[in-house]
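Participant: The chain contents come next:
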Amino acid sequence: MRLRGLSLRYVLRRLGTFALTIWLAASLIFVIPRLMAGNPVAAMVGKISLQSGSAANGNSAGLIAAWNARFGLNDPAIVQYLLFLKNSVTFNFGFSITDFPATVNQLIGAALPWTLALMFLATLISFVIGSAIGALMAWRGTPSVLRSILPFSLTFTAIPSFMLGLLLLYVFSYTLGWFPTSNAYDLGVTAGLNWPFLSSVIHHGVLPALTIVGASMGFWALSMRGMMVTIEGEDYMVLGEAKGLRPSRLFWRYRIRNAALPQVTSLALTLGSIISGQILVEYLFAYPGVGQLLYQGILNEDYVLVESIVFLLIVTTALAVLVLDLIYPLLDPRISYLREAPR
Amino acid sequence: MTTGNPLGTLLPGAPPTSTRRLAWLNWKLAVGGSMVLAVVGLGLVGPLFWSTRLARPASSPPDLPPLWAHGGTAAHPLGTESLGRDILALLIVGGPASLRVGAIAAGVGLGVAMLLGFVAGYFGGWIDDVVRVLADAWVTIPALAVMVVLAATLSSITVGTEAFLLALFSWPMATRMLRSQMLSMRGRGYVKMARLSGLSNFSIMFREILPNMIPYVVASFVSAMAVAIMAATSLEALGLGPSQTPTLGLTIYYAIQGSALLRGMWWWWGLPLVLLVIIFSGLFIMSIGLDEVSNPRLKRYAQRARRRAPRRPARGTAGAGRSRTAVGSGVGTDQ
Numbered sequence: 047m048r049l050r051g052l053s054l055r056y057v058l059r060r061l062g063t064f065a066l067t068i069w070l071a072a073s074l075i076f077v078i079p080r081l082m083a084g085n086p087v088a089a090m091v092g093k094i095s096l097q098s099g100s101a102a103n104g105n106s107a108g109l110i111a112a113w114n115a116r117f118g119l120n121d122p123a124i125v126q127y128l129l130f131l132k133n134s135v136t137f138n139f140g141f142s143i144t145d146f147p148a149t150v151n152q153l154i155g156a157a158l159p160w161t162l163a164l165m166f167l168a169t170l171i172s173f174v175i176g177s178a179i180g181a182l183m184a185w186r187g188t189p190s191v192l193r194s195i196l197p198f199s200l201t202f203t204a205i206p207s208f209m210l211g212l213l214l215l216y217v218f219s220y221t222l223g224w225f226p227t228s229n230a231y232d233l234g235v236t237a238g239l240n241w242p243f244l245s246s247v248i249h250h251g252v253l254p255a256l257t258i259v260g261a262s263m264g265f266w267a268l269s270m271r272g273m274m275v276t277i278e279g280e281d282y283m284v285l286g287e288a289k290g291l292r293p294s295r296l297f298w299r300y301r302i303r304n305a306a307l308p309q310v311t312s313l314a315l316t317l318g319s320i321i322s323g324q325i326l327v328e329y330l331f332a333y334p335g336v337g338q339l340l341y342q343g344i345l346n347e348d349y350v351l352v353e354s355i356v357f358l359l360i361v362t363t364a365l366a367v368l369v370l371d372l373i374y375p376l377l378d379p380r381i382s383y384l385r386e387a388p389r
Numbered sequence: 432m433t434t435g436n437p438l439g440t441l442l443p444g445a446p447p448t449s450t451r452r453l454a455w456l457n458w459k460l461a462v463g464g465s466m467v468l469a470v471v472g473l474g475l476v477g478p479l480f481w482s483t484r485l486a487r488p489a490s491s492p493p494d495l496p497p498l499w500a501h502g503g504t505a506a507h508p509l510g511t512e513s514l515g516r517d518i519l520a521l522l523i524v525g526g527p528a529s530l531r532v533g534a535i536a537a538g539v540g541l542g543v544a545m546l547l548g549f550v551a552g553y554f555g556g557w558i559d560d561v562v563r564v565l566a567d568a569w570v571t572i573p574a575l576a577v578m579v580v581l582a583a584t585l586s587s588i589t590v591g592t593e594a595f596l597l598a599l600f601s602w603p604m605a606t607r608m609l610r611s612q613m614l615s616m617r618g619r620g621y622v623k624m625a626r627l628s629g630l631s632n633f634s635i636m637f638r639e640i641l642p643n644m645i646p647y648v649v650a651s652f653v654s655a656m657a658v659a660i661m662a663a664t665s666l667e668a669l670g671l672g673p674s675q676t677p678t679l680g681l682t683i684y685y686a687i688q689g690s691a692l693l694r695g696m697w698w699w700w701g702l703p704l705v706l707l708v709i710i711f712s713g714l715f716i717m718s719i720g721l722d723e724v725s726n727p728r729l730k731r732y733a734q735r736a737r738r739r740a741p742r743r744p745a746r747g748t749a750g751a752g753r754s755r756t757a758v759g760s761g762v763g764t765d766q
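Chains as they are written, first to last, in the numbering used here: chain A, 47 to 389; chain B, 432 to 766.
So that you can see chain A by itself, here it is in the shape it has in the complex:
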């Protein structure tokens, strides 16, 4: 069976690009520190043996062994590099340095649901509100009062999300006291599917979500506006109007529907910066997600944890972009990656 708009050649090329992305990113992480610092691996292992020695943990030999296995310290650089790639690709990250008995995978597993839930909700809200603002900015029928107010909603688009977060945190948490300043739920409530826990989670999630929404919705608005302007010049708009269609039908079925789909491509291209932005927001709000875990790793100089999280972030981003690119022709029948597009 042949999927609509997808040729085998395109899918293969897209998969190749995906693999290339992962390889490039992993290589950057491996090569640059070794080019710049003397021998970070030796320094890191020195640090580990110091820490595990002082912790008087009987398992410290296992840690060293895990590290030696990961980096193959006595091997030539090329062997080390290949081992690093193999362990990364198989998600064999080993132990965390600071939370020693825990493996990196356990730590990330505990943090991931928070990050995914927050990111998914915030991106969805931001997409809907942002696209609505962009559509209204481009539409001729928008009341002029609204038209003059709308651009102000883009104010925070130009600044990094954590800066908006600082402002919200100061005003609503520290000054007004409406929202908690850190964590994802009150420590007093028991986790589970009960109302006190859920309401606590929502209460803690409002500001981080608001930060991400406020900082990213302007992006959707701008690209939506650009698409609407382009569509305005298309022949089918002239035809639709000549046929005497109702303005509301022209707006929803002709303008919005055609402008909304290309936003998927925009989502694919900005996913990396959305994820990066979230790291900072979690750090700021001490939200127990992957970003906060990453920051803890940096603080404790837990390089294994830091490298692993970043590698996962890269894989996640690349995977999401790959999926978006592959389903895009299915969503939008106008797009075809077939060599001879049917006219």
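Take these hints with a grain of salt, some might be off.
Unchecked claim - Covered stretches of chain A (chain B as the covering partner; in silico rule of three or more C-beta atoms under 8 Å from a C-beta of chain B):
| # | region |
| --- | --- |
| 1 | 70-76 |
| 2 | 199-210 |
Unchecked claim - A few chain B residues that face chain A, going by a derived Cβ cut-off under 10 Å, partial list only:
| # | residue |
| --- | --- |
| 3 | Val570 |
| 4 | Thr571 |
| 5 | Val580 |
| 6 | Ile683 |
| 7 | Phe711 |
| 8 | Ile719 |
Said to hold, decoys possible - A short list of chain A residues far from chain B (calculated; beta carbon distances all over 10 Å):
| # | residue |
| --- | --- |
| 9 | Arg59 |
| 10 | Ala123 |
| 11 | Leu128 |
| 12 | Asn138 |
| 13 | Ala148 |
| 14 | Ile154 |
| 15 | Ile175 |
| 16 | Leu222 |
| 17 | Trp224 |
| 18 | Trp241 |
| 19 | Pro242 |
| 20 | Phe243 |
| 21 | Val247 |
| 22 | Gly251 |
| 23 | Leu330 |
To be clear, the hints were calculated from the coordinates, so they are not data collected in a lab. The C-beta atom is built at its ideal place from N, Cα and C for all residues, glycine as well.
With chain A fixed as given, assemble chain B onto it according to the hints.
Facilitator: Relative to the frame of chain A, chain B by itself:
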């Protein structure tokens, strides 16, 4: 600002005439540009009136509020922070430092992008395939995440190192954009003429085509700069930036670490924030202005009588009129 290019609209293949230069004078470019220049000016003029040595720790009494708040003194008009640094001095040093990081990163990135994008778009063939796949693969790497590892692994980095690391991630977006513009320029009449008259490929690319691509090149530079400064500030706010230079992000990092939020010391994080907002908004408004220069559809949109737009050949991704401005990505069209 409404002065278009009458010849250009009649003859789609004609090179832009000198009237095009007037299109540069749009108020968005002017407003955005002067906001950025104001920060540059702060760095140039500030040291003449204020000692930048006060940006060092323990150079001033700690925890003073600004002049207009209760307890402020004229000796430190914008207050001081907990380690005894003067906020005004921090702004004078930090604002231009942020701009410099962005300019270096964007400059290096754009240099690479111009070379790769021009060559790929002009020659096509396997060179184009290699460059396109490389840029496509690279563009999806989340820059900040990789930077975090690099900066955390390297013991201490300088402003120069930071800018270099940022340049590693600023070229793919610009390359994609310049390549697609070169693709559309390649078939124009004046390029064919130049080729017929026996000019070398290098001269055609950089002497004939480049001057017509200036709006796109400048737009790429501005957006690359905004992205680079954004990543640099985020990195610094995590405490991973250059530790020797008192950048704005580093000041915010110290403010978070020193519980400035809890202690109500809003000037410690708020004033660097204001300066950053001026920088980012300035660059953002500039790139919207540049978007209108390079994509006249957006500019003419308001007053344009409804007429048929020329049909474009169907391409892979979305339409040509999409404006992708500043934040998180490149400016203008890409394919």
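Participant: Next, verify each hint and record whether it holds.
Facilitator: Quick rundown of the hints versus the structure:
Using a Cβ-Cβ cut-off of 8 Å, 4 residues of the region 70-76 of chain A lie near chain B, which meets the minimum of three, so the contact claim holds. For the region 199-210 of chain A, the assignment as covered by chain B holds, since 7 residues bring a beta-carbon within under 8 Å of that chain's beta-carbons and 3 suffice. The interface hint given for B:Val570 is met, as the beta carbon of that residue sits about 7 Å from the closest beta carbon of chain A, less than 10 Å. Because the closest C-beta pair between B:Thr571 and chain A is about 5 Å apart, less than 10 Å, the hint holds.
For B:Val580, the interface hint holds, the least distance from its beta-carbon to any beta-carbon of chain A being 5 Å, beneath 10 Å. Taking 10 Å as the C-beta contact cut-off toward chain A, the hint placing B:Ile683 at the interface holds, the least distance being around 7 Å. The beta carbon of B:Phe711 is positioned within 10 Å of a beta carbon in chain A (closest approach about 4 Å), and the interface hint is therefore held. Interface hint status for B:Ile719: upheld, as the beta-carbon distance to the closest one in chain A is roughly 8 Å, under 10 Å.
Annotated as non-interface, A:Arg59 brings its C-beta within 10 Å of a C-beta of chain B; the closest such distance is 8 Å. With 10 Å as the threshold on Cβ separation, the claim that A:Ala123 sits away from chain B holds: the shortest Cβ distance comes to roughly 16 Å. Look at A:Leu128: its CB is around 19 Å from the nearest CB on chain B, clear of 10 Å, so calling it non-interface holds up. Distance check on A:Asn138: its Cβ is at least 18 Å (rounded) from any Cβ of chain B, clearing the 10 Å threshold; non-interface status holds.
The Cβ of A:Ala148 lies farther than 10 Å from every Cβ of chain B, with a closest approach of about 20 Å, so its non-interface assignment holds. With a closest Cβ-Cβ approach of about 14 Å to chain B, A:Ile154 is found to remain outside the 10 Å limit, as its non-interface label requires. With 10 Å as the threshold on Cβ separation, the claim that A:Ile175 sits away from chain B holds: the shortest Cβ distance comes to roughly 16 Å. A cut-off of 10 Å between C-beta atoms confirms that A:Leu222 is not in contact with chain B; the least separation is 13 Å.
Once the 10 Å rule is applied to beta carbons, A:Trp224 is consistent with being away from chain B; the minimum gap is 15 Å. The beta carbon of A:Trp241 sits about 30 Å from the closest Cβ of chain B, which is more than 10 Å, so the claim that it is off the interface holds. With a closest Cβ-Cβ approach of about 26 Å to chain B, A:Pro242 is found to remain outside the 10 Å limit, as its non-interface label requires. Distance to chain B confirms A:Phe243 as a non-interface residue, since its nearest Cβ pair spans about 26 Å, more than 10 Å.
Non-interface status of A:Val247 relative to chain B is upheld: no Cβ of that chain comes within 10 Å, the nearest being about 23 Å off. The beta carbon of A:Gly251 is kept farther than 10 Å from every beta carbon of chain B, the shortest such distance being approximately 19 Å. The non-interface label for A:Leu330 is inconsistent with chain B: the shortest C-beta to C-beta separation is roughly 7 Å, within 10 Å.
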